[in-house]
Amino acid sequence: MNIKGTVIKYGDNVDTDVIIPARYLNTSDEKELAAHCMEDLDRTFVTRVRPGDIMVAGTNFGCGSSREHAPLAIKTSGIACVAAKSFARIFYRNAINIGLPIIECDTDAIDEGDTLEIDFDKGELHNLTKNTTAKFAPFPPFLQDIIKAGGLLKSIGGGK
Amino acid sequence: MGMTMTQKILAAHCGEKHVEAGQIILADVDLVLGNDITTPVAINEFNKAGCTGVYDQNKVVFVMDHFTPNKDIKAAEQCKQMRDFAREKGFAHHCFDVGEVGVEHALLPERGMVIPGDLVIGADSHTCTYGALSAFSTGVGSTDMAAAMATGKVWLKVPSAIKFNLTGKLNKHVYGKDVILHILGMIGVDGALYKSMEFAGEGVSALSMSDRLCIANMAIECGAKNGIFPVDEKTLEYVYARTKRTPVVYKADPDAVYERVIDIDLSAVRQTVAFPHLPENARTFDEIPDIPIDQVVIGSCTNGRLEDLIIAADILRGKKVAKGVRCIVIPATQKIYLEAMEMGLLKDFVEAGCAVSTPTCGPCLGGHMGVLAKGERCVATTNRNFVGRMGHPESEVYLASPAVAAASAIAGKIAPAE
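Line by line, the protein sequences are chains A and B. Under the working numbering, the first sequence has 22 at position 22, and the numbering climbs by one with no breaks. Residues are numbered in the working numbering as their position in the second sequence, beginning at 1, plus a constant of 160.
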């Protein structure tokens with residue numbers, strides 16, 4: 001799978017409270033959640049995000065609460081992939097489980113507005129603006145199967 | 161190569177003799193937990209996937225604690241959805257509602273629903289609390305919860321571990337909260353990312369179960385998968401008083417491999433406050449200037465147990481909350497509420513000018529019962545001080561122990577217990 005998009009960049013320790021503040025968690029409607037995505041960190045996000053944009057951040061992205069509303073809000077807002085130096089563990093598994101593509105790689109040299117092309121099969125991130133390429137490790141096979149199936153519940157065949 | 165305590169519990173739950181860090185396993189779950197924020201999403205996913213029944217009606221638990229008593233119509237609808245689902249799937253006895261509910265991570269230990277050796281997952285990040293009871297427990301998302309409700313299994317990546325070797329004893333007015341804030345100050349909010357925090361050493365036996373529950377509760381604030389304590393007499397005494405189930409005792413192998421060993425001398429830990437907007441911004445009182453405050457919250461899954469209320473009441477008894485400060489006290493469960501009433505603690509709080517609330521997570525996550533206005537400052541015994549956590553994005557939360565919170569309420573500024 002390949003995607004190409006424009007970068008929206010944030011820093012380290014972007015927590016789930018700023019991704020989707022708890023005051024909006026009285027609903028599980030993904031469109032309502034997306035309307036408030038990133039609100040307490042960046043009020044301009046919802047007006048400037050375009051389908052296919054790539055969110056880039058530093059370390060420990062998605063720290064804090066287990067709320068799956070966070071990756072859901074990001075995915076529904078149109079973000080095609082989140083690239084960060086590291087992810088908080090619950091956000092990491094939530095993103096895989098709901099089918100939001102994420103990659104762990106060095107993001108220091110990526111700037112707001114850069115155009116990136118990500119090749120998930122080869123594990124390569126091309127920065128077309130800066131003409132550089134970074135490598136990232138593919139997911140272990142077990143997680144790739146979940147992603148290929150379109151999420152955890154599809155991969156287990158719906159349970160009993 | 162030996163296994164850590166966490167690895168041993170995981171191995172036993174996936175039918176393997178040996179597991180190694182980095183390995184992905186499909187583990188059997190002893191208990192699946194969800195609250196009124198995460199469960200509606202799980203129910204939607206469960207239904208969308210065509211699942212029909214839960215794997216074991218005695219192993220799924222719903223706790224409606226976050227926005228209850230219902231703060232608005234939407235919150236009421238979410239709880240209604242949970243109640244209906246639990247009734248339909250035959251586990252209404254495990255759906256805790258207003259009147260019997262408590263903050264989930266205070267409620268489950270109190271009811272003996274988690275014992276040593278268990279593997280518990282919860283769609284709530286502070287599920288790691290039960291490591292104090294020598295169980296493997298970790299927070300997951302709603303889709304994980306849905307899958308576990310249907311199949312009784314969860315995928316887990318076996319974590320490596322950091323060992324915290326505890327020595328000495330805590331000084332007066334210093335508690336588990338100060339220990340975990342001290343550790344956060346040392347290793348940071350991603351200092352244990354993806355890893356286990358395994359507490360060991362002769363200092364463990366000097367820590368009360370309440371202190372251990374508080375420390376394990378905030379392992380997630382270090383990015384950890386779980387935080388876990390070894391079983392000792394205090395653990396068994398706590399568990400046997402609450403359940404008839406038989407604990408399974410796992411111990412780390414003597415040759416277990418740790419990524420890092422950190423020595424903590426408990427007698428050197430001082431009263432600590434985490435400044436906005438990360439729990440790692442830990443400071444002791446020699447570094448804290450006069451900071452006036454508007455609100456104090458004493459409660460939550462971190463510090464809403466009876467022991468916490470006793471600590472706060474001992475400081476507030478016969479004193480008055482400073483004019484201009486709102487002090488909100490929230491016993492974490494109905495049982496704690498009743499015991500605090502019988503001990504006269506609630507009288508102490510009310511006479512001091514505190515508001516006492518029914519159990520709820522409410523203010524900790526800016527839900528209700530104590531939301532902050534722009535520019536307001538709160539000293540809270542809760543676990544997170546992120547931007548906007550308790551209300552307006554320009555409000556500030558300072559994390560502290562019940563002792564510091566109570567002393568601050570009286571002083572009208574951030575103050576140590578003396």
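Incorrect hints may appear among the rest.
[Said to hold, decoys possible] Computed from the model, here is a short list of chain B residues facing chain A with C-beta under 10 angstroms:
# : residue
1 : M305
2 : K313
3 : T406
[Claimed, not checked] Covered stretches of chain A, as calculated for chain B (at least 3 residues, CB under 8 angstroms):
# : region
4 : 8–18
5 : 86–94
6 : 124–134
7 : 148–154
Honestly, the hints are just simulated from the structure, not real lab data. Ideal Cβ positions, reconstructed from N, Cα and C, are used throughout, including at glycine.
Hints versus structure:
no.	hint	verdict
1	M305	holds (9 angstroms)
2	K313	holds (8 angstroms)
3	T406	violated (29 angstroms)
4	8–18	holds (count 4)
5	86–94	holds (count 6)
6	124–134	violated (count 0)
7	148–154	holds (count 4)
Hint check: violations occur at hints 3, 6; the rest are consistent with the structure.
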